[in-house]
Amino acid sequence: MRTELRVTGFGGQGIILAGYIIGKAAAVYDGKHATMVQAYGPEARGSACSSQVIIDDKPIQYPYLRKMQVLCALSQEGYDKFAPFVEKDGILLYDEDLVEFSAVPDVRIFRSVPATRYAEELGRVMVANITMLGFFTAQTGLVSPEAMKKAILSAVPKGTGELNTNAFERGFQHQPAEVKLGAGAGV
Amino acid sequence: MSDHAVLTGEHFMTGDEAAAEGGLAAGCRFFGGYPITPATEVTERMAERLPEVGGVFIQMEDEMASMNAILGASWAGVKSMSSTSGPGFSLMMENFGLGIMTETPCVLVNVQRGGPSTGLPTLVGQQDMQQCKWGSHGDFEVIALSPSSPQEAFDFAIHAFNLSEQYRLPVFLMMDESVGHMFEKVVIPPADQIKLVERRYTTKKPGDYLPFLPDEDLVPPMIKFGDGYRVHVTGLTHDEKGYPVMEQSCHHPLVTRLVDKIKKNAHKIYMYDEHYLDDAEVVMVSYGITARIAQQVVEECRADGKKVGHLRLITCWPFPEAKIRELADRGVKGFIVPEINLGQMSLEVERVAGRGVPTICVPNAGGAVHKPEEIHAAVREVIK
Numbered sequence: 013m014r015t016e017l018r019v020t021g022f023g024g025q026g027i028i029l030a031g032y033i034i035g036k037a038a039a040v041y042d043g044k045h046a047t048m049v050q051a052y053g054p055e056a057r058g059s060a061c062s063s064q065v066i067i068d069d070k071p072i073q074y075p076y077l078r079k080m081q082v083l084c085a086l087s088q089e090g091y092d093k094f095a096p097f098v099e100k101d102g103i104l105l106y107d108e109d110l111v112e113f114s115a116v117p118d119v120r121i122f123r124s125v126p127a128t129r130y131a132e133e134l135g136r137v138m139v140a141n142i143t144m145l146g147f148f149t150a151q152t153g154l155v156s157p158e159a160m161k162k163a164i165l166s167a168v169p170k171g172t173g174e175l176n177t178n179a180f181e182r183g184f185q186h187q188p189a190e191v192k193l194g195a196g197a198g199v
Numbered sequence: 011m012s013d014h015a016v017l018t019g020e021h022f023m024t025g026d027e028a029a030a031e032g033g034l035a036a037g038c039r040f041f042g043g044y045p046i047t048p049a050t051e052v053t054e055r056m057a058e059r060l061p062e063v064g065g066v067f068i069q070m071e072d073e074m075a076s077m078n079a080i081l082g083a084s085w086a087g088v089k090s091m092s093s094t095s096g097p098g099f100s101l102m103m104e105n106f107g108l109g110i111m112t113e114t115p116c117v118l119v120n121v122q123r124g125g126p127s128t129g130l131p132t133l134v135g136q137q138d139m140q141q142c143k144w145g146s147h148g149d150f151e152v153i154a155l156s157p158s159s160p161q162e163a164f165d166f167a168i169h170a171f172n173l174s175e176q177y178r179l180p181v182f183l184m185m186d187e188s189v190g191h192m193f194e195k196v197v198i199p200p201a202d203q204i205k206l207v208e209r210r211y212t213t214k215k216p217g218d219y220l221p222f223l224p225d226e227d228l229v230p231p232m233i234k235f236g237d238g239y240r241v242h243v244t245g246l247t248h249d250e251k252g253y254p255v256m257e258q259s260c261h262h263p264l265v266t267r268l269v270d271k272i273k274k275n276a277h278k279i280y281m282y283d284e285h286y287l288d289d290a291e292v293v294m295v296s297y298g299i300t301a302r303i304a305q306q307v308v309e310e311c312r313a314d315g316k317k318v319g320h321l322r323l324i325t326c327w328p329f330p331e332a333k334i335r336e337l338a339d340r341g342v343k344g345f346i347v348p349e350i351n352l353g354q355m356s357l358e359v360e361r362v363a364g365r366g367v368p369t370i371c372v373p374n375a376g377g378a379v380h381k382p383e384e385i386h387a388a389v390r391e392v393i394k
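In the order they appear, the protein sequences are chains A and B.
Going by this note's numbering, the first residue of the first sequence is number 13, and it counts up by one from there.
Going by this note's numbering, the first residue of the second sequence is number 11, and it counts up by one from there.
Incorrect hints may have been included.
EDC-like cross-link-like pairs, simulated, lysine to aspartate or glutamate; straight-line CA separation at most 20 Å [said to hold, decoys possible]: (1) A:K79 x B:E384; (2) A:K70 x B:D283; (3) A:K79 x B:D283; (4) B:K271 x B:D339; (5) A:K70 x B:E384; (6) A:K70 x B:E309; (7) A:K79 x B:E309; (8) B:K278 x B:D225; (9) A:K79 x A:E108; (10) B:K317 x B:D339; (11) A:K70 x B:E284; (12) B:K215 x B:D237; (13) A:K79 x B:D339; (14) A:K162 x B:E20; (15) B:K381 x A:E99; (16) A:K170 x B:E58; (17) A:K70 x B:E310; (18) B:K251 x B:D283.
The set of hints was computed from the structure by calculation and includes no laboratory data.
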């Protein structure tokens with residue numbers, strides 16, 4: 013089954029790296045098909061940026077989003093820009109300290125994690141993206157935790173493996189405090 | 011050291027990186043280039059990797075010098091490569107012609123962006139497809155391969171080197187920004203499973219050797235500089251010794267041979283993919299990133315009961331005329347050619363298909379790939 017997702021934040025948070033890791037985990041370590049494309053241009057530094065990932069059991073033809081099922085937002089700007097395009101029954105994950113929640117019609121699941129705060133507690137704010145990947149892995153089940161951990165270790169600088177593994181586990185174990193239901197969820 | 015040139019294994023990488031890795035796996039050990047978006051990642055990868063495998067990377071002063079540098083490196087006996095995009099491609103055109111005239115094997119990667127001029131540096135185009143055929147002055151034939159995925163960027167970079175060595179000319183790898191910047195799985199096989207065509211050197215002694223006397227396949231065996239042969243290599247019209255002869259009696263056979271060595275071998279060079287062509291009433295013809303969108307549309311049409319087939323061009327040049335003619339003669343209702351330009355390869359389809367079968371270009375001047383819906387609309391025009 014084809015699943016389309018977007019990771020968004022601002023330049024410097026490792027948003028593109030996060031998309032790369034998800035794609036690599038799915039394609040190389042889980043044996044599925046995956047593509048990753050990125051918003052490429054001046055927006056890649058300091059302002060809104062995003063990566064688009066498609067995961068499928070079959071070869072992927074169209075490598076861009078048509079129906080976004082999952083959004084991971086690490087900035088308010090990215091949340092505001094892309095949340096309205098999440099499909100009905102989609103999943104919206106966000107950093108609760110960076111994004112002020114606002115309901116989006118039709119989205120069924122909103123779940124939040126203090127990814128950046130956790131990263132700060134671990135000593136390096138730069139691993140917030142990896143914490144989000146841990147949370148993403150636990151909440152969506154799209155990629156196996158084993159594949160994700162391998163992909164993370166293959167993609168981060170030497171000597172930071174333990175820090176990044178801890179960041180992943182912190183996000184993976186996080187129990188979201190509340191599940192907010194979108195207005196159109198019919199409950 | 012040389013083992014490290016082939017990164018055997020499964021990777022998640024971009025088309026740009028894969029094209030560079032394909033070059034290295036083919037034995038490329040010289041890269042002369044000038045960075046330009048969206049081809050910069052090819053250059054960066056080569057700058058990092060070539061010194062690791064005993065090769066040479068030079069960032070040249072511009073693209074004209076880059077093209078000449080790879081021609082010179084090739085004559086020194088080293089497989090060589092460069093990469094660029096629109097504006098740099100225009101600058102390379104004259105010296106590409108020098109490569110054609112001197113019959114110099116090398117590979118030139120063009121990661122196409124939107125033009126004219128500086129146009130859209132970061133966004134996709136497929137607007138140089140006719141330029142690669144006609145952009146340099148004079149008569150000649152070219153070979154241009156068009157990958158639709160990072161895996162093919164790797165595979166076709168190797169194949170481009172093989173063809174360049176076999177037919178002695180600079181071969182184009184005509185990518186586009188979307189394939190160049192897209193990440194996907196790339197499987198790099200063990201080095202001993204990669205088939206390489208090596209340069210055909212003369213077996214004759216210095217004195218007996220005529221550098222531009224062709225073999226039966228119209229391709230002359232080569233030497234490399236420094237091996238003791240006296241060779242004159244020039245862009246001027248030359249005889250079999252390589253010396254300038256400013257006469258029609260020399261020029262006509264030379265240029266005819268340069269054209270014929272590709273034309274008469276075209277049936278061996280053509281590469282394309284067929285999907286659902288057996289019973290197709292409408293045939294999509296596409297290449298590069300657009301082939302993926304077209305294939306998506308074809309699958310959706312088939313699910314809908316529409317008899318749509320897909321001919322995906324791998325070699326855009328030489329253009330597979332025989333295949334288009336066969337389909338036209340069989341009576342398909344039309345050809346649909348989506349491409350990220352205002353009609354370039356569609357001109358070739360139209361030329362070969364003739365007046366009896368309509369060719370419909372789905373134009374897009376660049377900046378984004380086609381939306382599947384735009385191509386569906388063209389299908390509906392043919393199948394009412």
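Going down the list of hints, with the structure as the test:
Annotation: proposed proximity of A:K79 to B:E384 holds, straight-line Cα distance about 17 Å (limit 20 Å). For the proposed pair A:K70 and B:D283, the alpha carbon gap of about 18 Å is at most 20 Å, so the pair holds. The straight-line distance between the Cα atoms of A:K79 and B:D283 is roughly 28 Å, outside the 20 Å bound, and the hint therefore fails. As the CA atoms of B:K271 and B:D339 are separated by approximately 28 Å, the hinted pair breaks the 20 Å bound.
Our distance criterion of 20 Å between C-alpha atoms is broken by A:K70 and B:E384, whose separation comes to about 24 Å. Annotation: proposed proximity of A:K70 to B:E309 holds, straight-line Cα distance about 13 Å (limit 20 Å). Restraint check: the Cα-Cα separation between A:K79 and B:E309 comes to about 18 Å, which is no more than 20 Å; the hinted pair holds. Taking the CA atoms of B:K278 and B:D225, the gap is near 17 Å; set against the 20 Å cutoff, the hint holds.
With a CA separation close to 24 Å, the supplied pair A:K79 and A:E108 exceeds the 20 Å bound. Among the hinted pairs, B:K317 with B:D339 is consistent with the structure: their alpha-carbon atoms are about 17 Å apart, no more than 20 Å. Annotation: proposed proximity of A:K70 to B:E284 holds, straight-line Cα distance about 19 Å (limit 20 Å). Taking the CA atoms of B:K215 and B:D237, the gap is near 10 Å; set against the 20 Å cutoff, the hint holds.
Between the alpha carbons of A:K79 and B:D339 the distance comes to roughly 40 Å, so the proposed pair goes past 20 Å and is violated. For the suggested pair A:K162 and B:E20, the alpha carbons sit about 13 Å apart, so the restraint of at most 20 Å is met. Between B:K381 and A:E99 the CA atoms are separated by roughly 18 Å; this keeps the pair inside 20 Å, and the hint holds. At roughly 18 Å between alpha-carbon atoms, A:K170 and B:E58 fall within 20 Å of each other, so this suggested pair holds.
Note on A:K70 and B:E310: the hinted pairing holds, with a Cα-Cα distance of about 15 Å set against a maximum of 20 Å. Among the hinted pairs, B:K251 with B:D283 is inconsistent with the structure: their alpha-carbon atoms are about 42 Å apart, more than 20 Å.
Of the hints listed earlier, those the structure fails to meet are numbers 3, 4, 5, 9, 13 and 18, in rising order.
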